[in-house]
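A.B. asks: In case you want the letters, here they are:
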Amino acid sequence: MAAWIADLDAITRQSSGFFANRPVILDLKSLSPSRDEVTELLAALSARAIRVIALEGIDPSLAPPGLAPLTGGVGSAKIIDFPGSDARRRPEGAESRRAATSLLLDKPVRSGQSVFFPNGDVTVVGAVASGAEVIAGGSIHIEGALRGRALAGASGSTEARIFCRKLEAELVAIDGNYLTAEQCEPGLIGKPVQIQLNDGVVTMGLLD
Amino acid sequence: MGTVLVVTSGKGGVGKTTSTAALGAALAMTGDSVAVVDFDVGLRNLDLVLGAERRVVFDFINVIQGHAKLSQALIRDKRLDKLHLLAASQTRDKDALTEEGVEDVIGALRSSFDWVICDSPAGIERGAQLAMRHAEIAIVVTNPEVSSVRDSDRIIGLLDARTVKAERGENIQKHILITRYDPTRAMRGEMMSVDDVTEILSLPLIGIVPESQSVLLASNLGSPVTLADPKSVAALAYVDAARRLKGETVKMSIPTTKKSMFAGFGGFFRRAA
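Protein chains in written order, with the numbering used here: chain A, 1 to 208; chain B, 1 to 273.
Quick caveat, the hints were computed from the structure, so don't treat them as lab data. Ideal placement from N, C-alpha and C gives every residue a C-beta, glycine not left out. Mixed in with the good hints there might be a few duds.
[To be verified] Some chain B residues flagged as far from chain A (calculated, every beta-carbon gap over 10 Å):
1) Gln72
2) Asp95
3) Arg110
4) Lys165
5) Arg188
6) Gln213
7) Ser223
8) Arg243
9) Lys246
10) Thr256
[Stated by the list, open to error] From the structure, some residues in chain A lie toward chain B, with a derived Cβ separation under 8 Å:
11) Ser111
12) Gln113
13) Ala127
[Said to hold, decoys possible] To give a feel for the contact side, a few chain B residues facing chain A, derived at Cβ under 7 Å:
14) Arg150
15) Asp153
16) Gly157
17) Ser202
I would like the entire structure built from these sequences, with the hints used as guidance.
C.D. replies: Written out as structure tokens, the structure is:
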């Protein structure tokens with residue numbers, strides 16, 4: 001592992017901003033680490049300011065609290081109630097492993113729920129509650145109020161956008177560039193808004 | 001076969017136990033047989049609010065562990081013979097509640113009562129999840145204030161994930177019961193309005209219970225407010241909610257301040273002063 005970390009350091013030295021603010025998923029399938037190794041690895045990454053939000057390809061019980069372990073392939077979409085999702089959730093992940101490019105949720109996303117869909121766009125028919133989050137590889141369309149967090153372009157897409165009917169977000173991000181509630185333009189709070197990335201800056205505009 | 005209801009909230013202290021007792025009594029007063037079950041192991045309150053605390057011989061855990069039959073543990077209310085209580089244990093903790101035990105007991109209660117009302121503990125952990133597990137209807141008790149609303153939203157998410165009904169892909173009927181509503185403070189903007197709450201939680205309302213002194217008084221008397229003070233605004237709100245639970249269409253009345261009833265006359269003088 002020390003060798004791998006040395007390689008990682010080499011890469012980050014070359015492009016120092018590469019991991020900054022990007023949510024990262026670790027695919028540990030080929031490593032089969034023990035619980036201690038997982039802890040060690042996460043500590044090493046956290047010391048390098050790399051933000052790991054989920055682990056893939058390992059037994060969920062090895063993941064520490066605070067992360068959402070995934071059990072499906074990259075194509076799985078999951079609604080996670082809280083970290084350490086139990087076995088009951090697995091069949092759902094398996095079903096949606098067909099290569100879907102968009103996810104439609106026709107119920108509001110409740111507080112504490114986390115929607116993760118790296119393959120494409122997510123549309124929510126309803127509100128995203130305070131304390132909930134939607135993380136999408138593509139754009140996020142919320143046909144309702146956004147009161148939680150929306151992270152679009154999470155797989156590295158700068159073209160992704162976030163749309164909502166009522167902006168009351170806690171945090172929005174596109175391709176890792178984020179704005180918190182305090183940084184939102186006050187005149188746009190409560191309004192229908194489109195959020196996009198312009199030259200690396202998160203900008204918001206009123207939707208007519 | 002009876003209906004299993006859970007009274008839950010996420011947030012503590014919003015009125016779950018009060019509402020369980022009040023609704024249970026209101027339903028029993030219409031002639032239906034009701035069993036109210038206290039799931040708050042170690043911090044039991046339902047027995048106190050019903051005035052049965054000196055009659056608890058066997059509790060929920062005793063029944064689960066086979067030390068007592070359900071019929072021995074059920075306590076019949078002295079005032080309403082259709083209302084029965086299954087008390088929680090005060091000396092044990094929530095780990096003593098097993099999934100199979102809860103399933104068996106709720107199943108047995110369902111076959112002997114018209115209504116089984118499960119009084120959930122606060123929180124989102126095991127106790128709360130076990131209380132909601134077998135429910136067909138959920139009443140989410142919410143105070144019109146931001147922390148309660150967010151916690152209610154959290155519990156609604158769990159209702160859609162952790163109940164047997166949800167696991168089967170069926171929809172569990174969920175309603176909001178707003179409690180401790182203060183019309184004066186809502187008017188002044190100090191408290192969330194009914195619309196604010198329903199907009200954020202997007203669920204139908206089953207009732208709005210105003211803040212009322214009668215609730216504390218009833219509690220101290222060991223009587224559900226619908227029995228102790230049936231003419232109080234709180235009791236009337238609970239009775240309306242019980243009627244809606246039974247399928248009746250009852251117009252929702254949003255509590256108003258006493259001042260507004262005399263707004264035409266007394267209000268004039270108040271404004272002038």
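A.B. asks: Each hint needs a verdict: does it hold in this structure or not?
C.D. replies: Structure-based check of all given hints:
No Cβ of chain A approaches the Cβ of Gln72 (chain B) within 10 Å, the least distance being about 35 Å, so the stated non-interface status holds. Interface exclusion of Asp95 (chain B) from chain A stands, the closest Cβ pair being 17 Å apart, more than 10 Å. The Cβ of Arg110 (chain B) lies farther than 10 Å from every Cβ of chain A, with a closest approach of about 23 Å, so its non-interface assignment holds. Listed as a non-interface residue, Lys165 (chain B) keeps its Cβ farther than 10 Å from every Cβ of chain A; the least gap is roughly 14 Å.
Every beta carbon of chain A lies more than 10 Å from that of Arg188 (chain B), the smallest distance being close to 21 Å; the non-interface claim holds. The beta carbon of Gln213 (chain B) is kept farther than 10 Å from every beta carbon of chain A, the shortest such distance being approximately 32 Å. Distance check for Ser223 (chain B) against chain A: the nearest CB is about 35 Å away, which clears 10 Å, and the non-interface claim stands. Every C-beta of chain A lies more than 10 Å from that of Arg243 (chain B), the closest at about 28 Å, which supports listing it as non-interface.
Residue placement check: Lys246 (chain B) keeps its beta carbon more than 10 Å from all beta carbons of chain A (closest about 27 Å). At the 10 Å boundary, the C-beta of Thr256 (chain B) stays outside the reach of chain A, the nearest C-beta of that chain being 27 Å off. With a least beta-carbon distance of about 4 Å to chain B, the hint placing Ser111 (chain A) at the interface is held under the 8 Å criterion. The closest approach between the C-beta of Gln113 (chain A) and any C-beta of chain B is roughly 5 Å, which is under the 8 Å cut-off, so the hint is satisfied.
Interface restraint check for Ala127 (chain A): the shortest CB-CB distance to chain B comes to about 7 Å, inside 8 Å, so the restraint holds. Hint status for Arg150 (chain B): holds, given a least beta-carbon distance of 5 Å to chain A, under 7 Å. Restraint check, Asp153 (chain B) versus chain A: the minimum CB separation of about 4 Å is within 7 Å; hint holds. Among the interface hints, the one on Gly157 (chain B) holds; its C-beta lies about 3 Å from the nearest C-beta in chain A, closer than the 7 Å criterion.
Interface hint at Ser202 (chain B): satisfied, since its Cβ lies 6 Å from the closest Cβ of chain A, which is below the 7 Å cut-off.
The earlier numbered hints are all upheld by this structure, with none contradicted.
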